[in-house]
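This is what each chain is made of:
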Amino acid sequence: MTAVDSSAVAAAVADAHRREWAFVLAATVRVTRDLDVAEECVQDAFAGALVDWRTRGIPSRPGAWLTTAARRRALNVLRHRKVETRHLPLLVEDGVEPGPGDLVDDRPADQIPDDRLRLVATCCHPALDRPAQVALTLRLVCGLSTAEVARAFLVSESTMAARITRAKKKIAVARIPYRVPPAAELPDRVDAVLAVVHLLFTTGHTTPAGADLVRRDLVERSVGLARMLRRLLPHDPAVAGLLALLLLTDARRETRTAPGGRLLLLEEQDRSRWDRTAITEGAALVREALRARPPTRYALQAAIAAVHAESPTWGDTDWREIVALYDLLTAVWPSPVVALNRAVAVGFAQGAAAGLAALDVLSGEPQLAGYGYFSAARADLLRKLGRVDEARSAYEEAVLLTGNAVERDFLARRLQALGPRQG
Amino acid sequence: MSKYLILIYEDEAGYATATPEVMNEVMQEHDTFSSGVERLGAKLLGGEALEPTPTATSVRGGSEVTDGPFVETKEALGGYYVIDAPDLDTALAVARSCPARFGGVEVRPVMTFD
Numbered sequence: 001m002t003a004v005d006s007s008a009v010a011a012a013v014a015d016a017h018r019r020e021w022a023f024v025l026a027a028t029v030r031v032t033r034d035l036d037v038a039e040e041c042v043q044d045a046f047a048g049a050l051v052d053w054r055t056r057g058i059p060s061r062p063g064a065w066l067t068t069a070a071r072r073r074a075l076n077v078l079r080h081r082k083v084e085t086r087h088l089p090l091l092v093e094d095g096v097e098p099g100p101g102d103l104v105d106d107r108p109a110d111q112i113p114d115d116r117l118r119l120v121a122t123c124c125h126p127a128l129d130r131p132a133q134v135a136l137t138l139r140l141v142c143g144l145s146t147a148e149v150a151r152a153f154l155v156s157e158s159t160m161a162a163r164i165t166r167a168k169k170k171i172a173v174a175r176i177p178y179r180v181p182p183a184a185e186l187p188d189r190v191d192a193v194l195a196v197v198h199l200l201f202t203t204g205h206t207t208p209a210g211a212d213l214v215r216r217d218l219v220e221r222s223v224g225l226a227r228m229l230r231r232l233l234p235h236d237p238a239v240a241g242l243l244a245l246l247l248l249t250d251a252r253r254e255t256r257t258a259p260g261g262r263l264l265l266l267e268e269q270d271r272s273r274w275d276r277t278a279i280t281e282g283a284a285l286v287r288e289a290l291r292a293r294p295p296t297r298y299a300l301q302a303a304i305a306a307v308h309a310e311s312p313t314w315g316d317t318d319w320r321e322i323v324a325l326y327d328l329l330t331a332v333w334p335s336p337v338v339a340l341n342r343a344v345a346v347g348f349a350q351g352a353a354a355g356l357a358a359l360d361v362l363s364g365e366p367q368l369a370g371y372g373y374f375s376a377a378r379a380d381l382l383r384k385l386g387r388v389d390e391a392r393s394a395y396e397e398a399v400l401l402t403g404n405a406v407e408r409d410f411l412a413r414r415l416q417a418l419g420p421r422q423g
Numbered sequence: 001m002s003k004y005l006i007l008i009y010e011d012e013a014g015y016a017t018a019t020p021e022v023m024n025e026v027m028q029e030h031d032t033f034s035s036g037v038e039r040l041g042a043k044l045l046g047g048e049a050l051e052p053t054p055t056a057t058s059v060r061g062g063s064e065v066t067d068g069p070f071v072e073t074k075e076a077l078g079g080y081y082v083i084d085a086p087d088l089d090t091a092l093a094v095a096r097s098c099p100a101r102f103g104g105v106e107v108r109p110v111m112t113f114d
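First to last, the sequence lines map onto chains A and B. So the first sequence is numbered by UniProt numbering: it starts at 1 and just counts up by one. So the second sequence is numbered by UniProt numbering: it starts at 1 and just counts up by one.
It is worth saying that the hints were derived from the structure and are not from the lab. Honestly, I wouldn't trust all of these hints.
Looking from chain A toward chain B, a few residues come up when the C-beta cut is under 10 angstroms (computed) [to be verified]:
1. I171
2. V173
3. A174
4. R175
5. P177
6. R179
7. P181
8. A183
9. E185
10. G315
Glycine residues also receive a C-beta, built at the ideal position from the N, C-alpha and C atoms.
Chain A with its partners taken away, still in its complex shape (with noise of 0.2 angstroms):
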């Protein structure tokens, strides 16, 4: 075979990366029955595979390759580290795997089980903190190294390997079993799942900090991860909703901001630009989702979203539809932040008295005091209302709660556009 070109290798092998971690990984943690020794196993496939392919060519399944080696590495590991392996070996049910006495592990590769949903369950597993769920999910599910999962989070490489580094002990030493949950705990481990990835994204879509909207990174492994749960979970309407919700919010991308990186509304939004396939196979895995009774709240955000992707202007909004939606999205998730939107909703529907009516109804919400959100939504509609003082008080609020520097621009704008204070 014939060398190859070392550019085009290391394309490959990074396009093995993002595909295929979670499957490789997921599939030498049955052998390894260890997540560190895996994980190095995984990591030595990947830079051998550097190696390899240059020589030997890009093998036709990247995936099974690596998973093949990376397997095979692992049996050696634990052949020679079998003395003196102190670590509690993970719980790994029904896994009925060669053992480190055997030689290789000649299954083909394409008999090998998708273990991926019992990985990232693992990750999300009830008995672990929400942020130590997002930092395994990245890490494991992701194949991010601490660095980029601590870049991500905006905390130290240091912080942040001690987080991974706690969740992965308490995995091993109060016995988290590697497993899919029975059913009946099933739904409720989707949830998690679905919210970590949820969690994501919306860090990725307008970043808590510093002077970028969006971490484009993010969004693109939450979008990714989103995919991966559908093709695990084909029938779950809670996993078509959020899929649906990412792509339809995300086919906005092109037009949040204006050249400069001043942010522009949905009003203001080019929507020729849109991505037009993202919102067609958004819309339809809503439909799908809604199906489902009653439906999830992922299927209602993204049948919100979709109202607006599907409208042709902005003066076609369907403000009403999008009012009945929040009103049945409230039954299935009731949360102050919700009534926020929905009170938002109400001013566009009704008048931005009607707005504000149901937004000072909020006022009280501990869960929306120092939010940045209300503050701005509240200005906005008393600057509908000519209510220009209090306006004014209200979007310096909203800019002292706002982290996010592209927002922080925007709602100063409006506050220099109300004048100066009079007397």
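Mind docking chain B on chain A? Use the hints.
Frame of chain A, contents of chain B only:
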């Protein structure tokens, strides 16, 4: 199988003001719990109820003796069970079935030494 300790933390005031009927109910619940552990796939190795914290005495640093529990909390350690379970999920299923109407329980793996 691994050992787990289930620590029961409850508001002692709940028991201090409980009627005899309520106390009977609680005893009944603990009996039902004990006999149900094996059905959940675990084994009950032991457990005790503790006298309330006003009877506690703490010794700090090996010398200083004080009247009262080591840490004052609204919900105090009032009893425990030791179980043998194959994994955390099973231990949590046992914990969920453990009566603690005035509080809740904490599950801790017991350390193993080789």
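Tell me the numbers of any earlier hints that the structure contravenes, in ascending order.
8, 10
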